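Engineer: Sequences and hints are given; from them, build the entire structure.
Top to bottom, those sequences are chains A and B. Per my numbering: the first sequence = residues 26 to 140. Per my numbering: the second sequence = residues 191 to 305.
Heads up, a few of these hints could be off.
[What the hints assert, rightly or not] Below, in silico cross-link-like pairs of lysine to aspartate or glutamate (EDC-like), each with a Cα-Cα straight-line distance of 16 Å or less: (1) A/Lys63 with B/Glu258; (2) A/Lys63 with B/Glu230; (3) A/Lys30 with B/Glu230; (4) A/Lys120 with B/Glu230.
[Unchecked claim] Far from chain A, some chain B residues (derived; all Cβ distances over 12 Å): (5) Gly193; (6) Arg199; (7) Arg212; (8) Lys241; (9) Asp246; (10) Gly249; (11) Lys252; (12) Arg254; (13) Glu258; (14) Gln271; (15) Ala279.
If you are wondering where the hints come from, they were derived from the structure by calculation, not from laboratory data. This one's a predicted model, so the numbers in the text were calculated from it and none came from an experiment. Every residue gets a Cβ at the ideal spot worked out from N, C-alpha and C, and that includes glycine.
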Amino acid sequence: DQQVKQNSPSLSVQEGRISILNCDYTNSMFDYFLWYKKYPAEGPTFLISISSIKDKNEDGRFTVFLNKSAKHLSLHIVPSQPGDSAVYFCAASAKGGGSNYKLTFGKGTLLTVNP
Amino acid sequence: NAGVMQNPRHLVRRRGQEARLRCSPMKGHSHVYWYRQLPEEGLKFMVYLQKENIIDESGMPKERFSAEFPKEGPSILRIQQVVRGDSAAYFCASSPPSGTSYEQYFGPGTRLTVT
Chain A
26 DQQVKQNSPS LSVQEGRISI LNCDYTNSMF DYFLWYKKYP AEGPTFLISI
76 SSIKDKNEDG RFTVFLNKSA KHLSLHIVPS QPGDSAVYFC AASAKGGGSN
126 YKLTFGKGTL LTVNP
Chain B
191 NAGVMQNPRH LVRRRGQEAR LRCSPMKGHS HVYWYRQLPE EGLKFMVYLQ
241 KENIIDESGM PKERFSAEFP KEGPSILRIQ QVVRGDSAAY FCASSPPSGT
291 SYEQYFGPGT RLTVT
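Structural biologist: The following block contains the structure:
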């Protein structure tokens, strides 16, 4: 039962353009969402997060949008740079359920930014 | 300011042997989490520990797997009598005390190969 879904296994964009990575979730109890970036042979690196009380959070080139009614979030990277090439994981947790520590991850999207 | 440290980075074990994976959290972090990533999958929560306490082990297989976080020293994930299906990347994460941050910071992982 995949509660966090990243339906695009891969995405390829040109340097300087916008990258949009998508994530859908099914568990209505999720109220905190995170994006992690992972290079090969390294651990995931925290990028940006958003609470369910917001619909947008921005940090430099990275913006996360949350649509609660659609149970959908997206990560926008603009402008994309070759160093952004990595696997991006969407993760969610349920603060209110007493187990906010338990992150549920999607399978990841491999982003390739071409020079 | 050292991040989360894991060792060994690579571990090869024959079927039936024991595997011990170590994790030292970031300075100031008192919460430790273990996740497993099978090939082509996202990270799956295994266990959450605080010093000398297992808080949630709902993601741990019922047999052969155990975890501890002693008062002194690193957290240990122990897998007894390993089987080929245990081959995976095992990631440890840490976070500050509750209420200060929901983000978890990951180590580089231990890649376990069972031959």
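Engineer: Among all the numbered hints in the text so far, which are the ones the structure does not match?
Structural biologist: 1, 4, 5, 6, 9, 10, 15
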